[in-house]
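J.: Keeping their order, the protein sequence lines are chains A and B. Everything in the first sequence is counted per full-length UniProt numbering, starting at 1 for the first residue and increasing by one. Everything in the second sequence is counted per full-length UniProt numbering, starting at 1 for the first residue and increasing by one.
If you are wondering where the hints come from, they were derived from the structure by calculation, not from laboratory data. Some hints here could point you the wrong way.
Pairs involving identical chains hold if they fit within one copy or between any two copies, as the list cannot separate such chains.
As the list claims (entries may be wrong) - In silico SDA-like cross-links for lysine to any residue, where the CA-CA straight-line distance does not exceed 20 angstroms: (1) Lys313 to Asp514; (2) Lys330 to Val521; (3) Lys47 to Pro219; (4) Lys313 to Val521; (5) Lys73 to His215; (6) Lys593 to Asp514; (7) Lys637 to Glu216; (8) Lys437 to Ala550; (9) Lys330 to Lys637; (10) Lys643 to Ser55; (11) Lys593 to Arg508; (12) Lys313 to Lys512; (13) Lys510 to Arg148; (14) Lys18 to Arg249; (15) Lys73 to Gly105; (16) Lys569 to Ile585; (17) Lys313 to Thr145; (18) Lys643 to Thr222; (19) Lys313 to Gly149; (20) Lys73 to Ile85; (21) Lys643 to Arg59; (22) Lys330 to Gln430; (23) Lys349 to Glu28.
Given next are the chains, with one letter for each unit.
There are 2 protein chains.
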Amino acid sequence: MNPDLRKEREGASFDTEKLTNVLDGGAERTRRRKEIEALVTNDPDFKHSDVNFLSRSQRYEVAIRKSALMVMKLREYGIADPDEIYWFKSSAHHGRPEPLDLHLGMFLPTLLTQATQEQQDRFFMPAWNLEIIGTYAQTEMGHGTHLRGLETTATYDPATQEFILNSPTVTSIKWWPGGLGKTSNHAIVLAQLYTQGKCHGLHAFIVPIRQLGTHEPLPGITVGDIGPKFGYDEMDNGYLKMDNFRIPRENMLMKHAKVEPDGTYVKPLNAKLTYGTMVFIRSIIVGDAARSLARACTIAIRYSAVRHQSELKPGEPEPQILDYQTQQYKLFPLLATAYAFHFVGAYMKDTYRRITGNINDGDLSELPELHALSAGLKAFSSWIANAGIEECRMACGGHGYSRCSGLPDIYVNFTPSCTYEGENTVMMLQTARFLVKSYTQVSSGQLVSGMMSYLNDLPGLRIQPQQVAARPTAVHINNPSSLVEAYKLRASRLVEFAAKNLQAELNRRKSKEDAWNRTSVDLVRASEAHCHYVVVKLFTAKLSEIGDPAVRAVLNNLCLLYALCGINKHSGDFLQGGILTDAQIIQVNQRVKELLALIRPNAVALVDSFDFHDNVLGSVLGRYDGNVYENMFEWSKKSPLNKTQVSKYFIPFPKNPEVKL
Amino acid sequence: MNPDLRKEREGASFDTEKLTNVLDGGAERTRRRKEIEALVTNDPDFKHSDVNFLSRSQRYEVAIRKSALMVMKLREYGIADPDEIYWFKSSAHHGRPEPLDLHLGMFLPTLLTQATQEQQDRFFMPAWNLEIIGTYAQTEMGHGTHLRGLETTATYDPATQEFILNSPTVTSIKWWPGGLGKTSNHAIVLAQLYTQGKCHGLHAFIVPIRQLGTHEPLPGITVGDIGPKFGYDEMDNGYLKMDNFRIPRENMLMKHAKVEPDGTYVKPLNAKLTYGTMVFIRSIIVGDAARSLARACTIAIRYSAVRHQSELKPGEPEPQILDYQTQQYKLFPLLATAYAFHFVGAYMKDTYRRITGNINDGDLSELPELHALSAGLKAFSSWIANAGIEECRMACGGHGYSRCSGLPDIYVNFTPSCTYEGENTVMMLQTARFLVKSYTQVSSGQLVSGMMSYLNDLPGLRIQPQQVAARPTAVHINNPSSLVEAYKLRASRLVEFAAKNLQAELNRRKSKEDAWNRTSVDLVRASEAHCHYVVVKLFTAKLSEIGDPAVRAVLNNLCLLYALCGINKHSGDFLQGGILTDAQIIQVNQRVKELLALIRPNAVALVDSFDFHDNVLGSVLGRYDGNVYENMFEWSKKSPLNKTQVSKYFIPFPKNPEVKL
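If we strip away everything but chain A, and leave its shape as in the complex, we get (with noise of 0.2 angstroms):
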């Protein structure tokens, strides 16, 4: 082990498999966890040469061979619960995004929840299978967000009793659905349904878009990969346009919505139960926020630990770049961050399967807020991991530009969050819409319940009026309690602040819509201020919940710098509304460099406790052992670039300007 490593660890004030346990859920699902990872990373057919060293369609070929291997080891070994695939697959694929996510994860659920019993025994089956690869394909080129605005059309035709699929235009060719450029045979694509001359909006479709045995695509279908992106090499985004595409009424999905042989069409019962699903995605994107925050900490940390530089004192030989005040500043709280979101994240998992078995006794009173929730949280977790994992590369230096530090691609590849599965100024203005309503709520005298119930004590909307004279208690800037409080004053205020805007709006000009436009920026900014009490809230409710006490500490530390750093970041809003005072800010400035320096002797044991196997970190400079620097330099002899000859167009470089290169 790294000498500066073993130091680091020795010094740690607590036992880190107990927290690496709080963060697993229990000691025995960190067992199974380790032991579901020890399968692959034991497993020689699972090693390949470093991927960053391959050209795309390399990384594809490697990535496909891995995930045709993976769902047969999974089969073989009887894996079938989603966090142990997780797991699996995570080692598997070193925590990229693999070809078939989109079958695995939309295509498989998408026919469990919305086929018929006679398409399941269609199709189930053999996409189990893998004779049958399925992507979902919804966004096109010119329409994301907007999902009325898709143009793809489904057109019933009674006649022969087809489905007639048509991309009418340039910008309803869909683009983006994973797997679709290569990988899959079928996609769930969702069309706007026109039967007996009516439209009744988007349906979803089961498209056969590949001949099975040859992979051509079938007549009347154009379909291919959409090119290199910023990230997801290993992922074939593609496009599908549909000429005329006709396919057999049974291939709509129709557990819901039906169109009969006729050509009537049958509504569905309870347009709400989609949300679900939504919720359950976006929730995953919050665990993926805090993931691969850790991932981005566990290397920045190590390596700072490792890493000597410069001199804090003369003559004496050069610290370690951990030391540095303003290189805890940047690292620690995005580490607080880090363990903030994975409550947050295990939080909404918990809740949406308590809340999916009320749905399942047709309960589906929560579902709104849990929802209006989710987006919000989903945009201000990956907003901050995303650029705090940028964060941890610059805190790398140079070395954190080079591909082995394994940083630029965990960037890559976590930042389409923030525009995938609901953009993220999308999402805050979802939240935004349940916030305002909940506020309307309170005025007109309602109470309101769950996360959004501090609107119930607004002064100037106080229901029960003994209360007026009740001013905010202090704020402690020692107490995470205290800090709750403080945070939901602030989320209280801006709620009020934009609603009031709003309002404002309302009264000078006519138009709903126009009004909302014209605070949208408050209305985010109240958005994020709720979220962030959420997270504040949920992060100081985890820590009575933690046994050991030499774990408590450190947390509780974590969680008071979670704190602090969004009051010092955010210092207007706290002493505008009265919240802190001047001399209060300055104590949380102090307060914040005390904590780090209180941290820092456990920095490495708390990276170490997300317990990154070196399948999952994918990097060169945050590995455990041996000499960093040897590890690079090993690394980069690899480069293609040195098996390459050398340029003609350089030696000798041609003394006359006349010779055409």
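Since the structure of chain A is already known, use the hints to place chain B on it.
T.: Just chain B now, with coordinates in the frame of chain A:
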């Protein structure tokens, strides 16, 4: 032309050509720039296929071909002015780095400033003719920022009158120099000079590394490419390890320091002279920050004018996304920032030229302040442009993630500016050192001059007692000059805060270094506030130079937006000092929203004024003409993945899990 863009252009309130002239520094310079750019764009030799579809080795090959061609053509055309070379180079290389950057930008200039006449005779013309291709090898694997820590040694052997060069450890291997991996046959190597048993610190040596003619590494030299990076695909950043490699005594650059044949060391006259180059390079980075951000804004704003999405009013056609306030709030402050940094970069270049004149006359008095200022502004502008480019990319939604947007490329090629030529945090602390020094001077009754002169007015330190009663005049949020005063007060307060915290730490502890480290977070914040003030001040100063009233009006709005958004973002700083009141912060928020609406009709014209042609813009998404979606579709068809064979791993997928893939 795209009809949406045409409409935007027709709606502009000013003449873009006139603003372009302001940016270029006069109509004649605009004319000449266009002339130079046309030399490249009309030259079939510089045409090539989209590099996004090439492997890194292919991209290097394309780049080195163009670089060699470029050098020949520049000579053919007799282009020698640095700005004109820059224009030609940007057009030929699409704004990307190229393998000869270090040869042209560091090797040749270093010969000119540090080589003796004999050395210039020996090396300059062969280097000018590209028989010798050189790089500048300073950074080592284990050492970047801290130059004294560099480990490479050059030990003088009087017996043979040679220097013996060694890389004694893994960490001492030269790492990162551009053009070293593959292109160069010489390097200027920075090494610790040992002679007569004594170390005399870092000196520069001309080291041949590859055989002229064969380009094979010389015996004793290990050299190669360091492998793939986040970006810089065209650049062969390299490593260099030297084992008892001997060079003649005459290869030490001896214009300033010398080693005589017997080994006697002769000191240089003035060490400050090397400051100049750093100032120059940092002023170029500020200009690059402006330019890269301007490119990203151009793409994002044009795309936002062309992209239609969602609905503002039910039943109406989808609006341009540029009409959404949230989109304006993302993009227009960045547009204003690009303008601000452009003017700051131009100011620094002018100041550098002026001071270089003074230096040649023996007057070094202004150099320390310029050096300190350039360090901070380099960091300030590169951090903000860096984050801003990514904001522009994400403002394009999913399509920003495609390489066809050009945005990933702009980002990955700009982002190293934050860590090279002085890591940004280190830079900020250099500026802070100068600020604290100035503060201390003022405390002891001396006046300071230049950009720091506001410190003379600090209430606690005020030199003229009659001014004590004077309160800062009230800030007018619609007046740029008044906002400059507000920024000045903020900077002055934060400098004082950091200086006092530093003093408190000094009183508490013995070591200066510890106290500095424990205050460094505050010191960086003070530097940022100082730089922010300088930028607002220089932008405001520029307004008065603009003759055309229509141009001045739009720039005035941009300047206001820049200053007010900074207040919005750092409202705590302005509230805490009592610089602005709660009510004013609310007014600022309202005024920012009004300015967004005011700038909206000119947004496209404002990016058109940057006058990037397609070659430099490097974007399908941000192109001037045609249908952006059709362009994207055509582009994607060239994806190499579409040409590769279908993987054997998924058709037909083996039904028997026993089959090994």
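J.: Compare the structure with each hint and give your call.
T.: Hint check:
In this homomeric assembly, Lys313 and Asp514 come within 20 angstroms of each other (Cα to Cα) only across copies, at 8 angstroms, whereas the closest approach inside a single copy is 60 angstroms. Proximity of Lys330 and Val521 under a CA criterion of 20 angstroms is satisfied inter-copy only: 10 angstroms between copies versus 28 angstroms inside one chain copy. Neither within a single protomer nor between protomers do Lys47 and Pro219 lie at most 20 angstroms apart by alpha-carbon distance, with minima of 39 angstroms and 36 angstroms respectively. Proximity of Lys313 to Val521 under the C-alpha cut-off of 20 angstroms is restricted to the inter-copy arrangement: shortest distance 18 angstroms between copies versus 48 angstroms within a copy.
Within a single copy, Lys73 and His215 get their C-alpha atoms no closer than 24 angstroms, and across copies no closer than 50 angstroms, so neither meets the 20 angstroms cut-off. In this homomeric assembly, Lys593 and Asp514 come within 20 angstroms of each other (Cα to Cα) only across copies, at 13 angstroms, whereas the closest approach inside a single copy is 45 angstroms. Within a single copy, Lys637 and Glu216 get their C-alpha atoms only as close as 40 angstroms, which misses the 20 angstroms cut-off; across copies the closest is 16 angstroms, which meets it. In this homomeric assembly, Lys437 and Ala550 never come within 20 angstroms of each other (Cα to Cα): the closest approach is 43 angstroms inside a single copy and 44 angstroms across copies.
In this assembly of identical chains, the alpha carbons of Lys330 and Lys637 never lie at most 20 angstroms apart, being 32 angstroms within a copy and 42 angstroms across copies at closest. In the homo-oligomer, the alpha carbons of Lys643 and Ser55 lie at most 20 angstroms apart both inside one protomer (15 angstroms) and across protomers (13 angstroms), since each shortest distance falls under that limit. In this assembly of identical chains, the alpha carbons of Lys593 and Arg508 lie at most 20 angstroms apart only when taken from different copies (15 angstroms versus 47 angstroms within one copy). Within a single copy, Lys313 and Lys512 get their C-alpha atoms only as close as 63 angstroms, which misses the 20 angstroms cut-off; across copies the closest is 9 angstroms, which meets it.
For a Cα distance limit of 20 angstroms, the shortest separation of Lys510 from Arg148 qualifies neither inside one copy, at 25 angstroms, nor across copies, at 68 angstroms. Within a single copy, Lys18 and Arg249 get their C-alpha atoms no closer than 56 angstroms, and across copies no closer than 62 angstroms, so neither meets the 20 angstroms cut-off. Taking the closest pair of Cα atoms, Lys73 and Gly105 come within 20 angstroms of each other only inside a single copy of the chain (17 angstroms); across copies the shortest separation is 55 angstroms, beyond that limit. In the homo-oligomer, the alpha carbons of Lys569 and Ile585 lie at most 20 angstroms apart both inside one protomer (10 angstroms) and across protomers (16 angstroms), since each shortest distance falls under that limit.
Taking identical chains as interchangeable, the C-alpha atoms of Lys313 and Thr145 lie at most 20 angstroms apart only when they sit on different chains, with a minimum of 16 angstroms there against 55 angstroms within one chain. For the homomeric pair Lys643 and Thr222, the shortest alpha-carbon distance between copies (14 angstroms) is at most 20 angstroms, but the shortest distance inside one copy (38 angstroms) is not. With identical chains, the CA atoms of Lys313 and Gly149 are at most 20 angstroms apart between copies only, with a shortest distance of 14 angstroms across copies and 64 angstroms within one. For the homomeric pair Lys73 and Ile85, the shortest alpha-carbon distance inside one copy (11 angstroms) is at most 20 angstroms, but the shortest distance between copies (59 angstroms) is not.
Taking the closest pair of Cα atoms, Lys643 and Arg59 come within 20 angstroms of each other both inside a single copy (19 angstroms) and across two copies (15 angstroms). In this assembly of identical chains, the alpha carbons of Lys330 and Gln430 lie at most 20 angstroms apart only when taken from different copies (18 angstroms versus 31 angstroms within one copy). With identical chains, the CA atoms of Lys349 and Glu28 are at most 20 angstroms apart within one copy only, with a shortest distance of 19 angstroms there and 63 angstroms across copies.
Checked against the numbered hints above, the structure breaks hints 3, 5, 8, 9, 13 and 14 and satisfies the rest.
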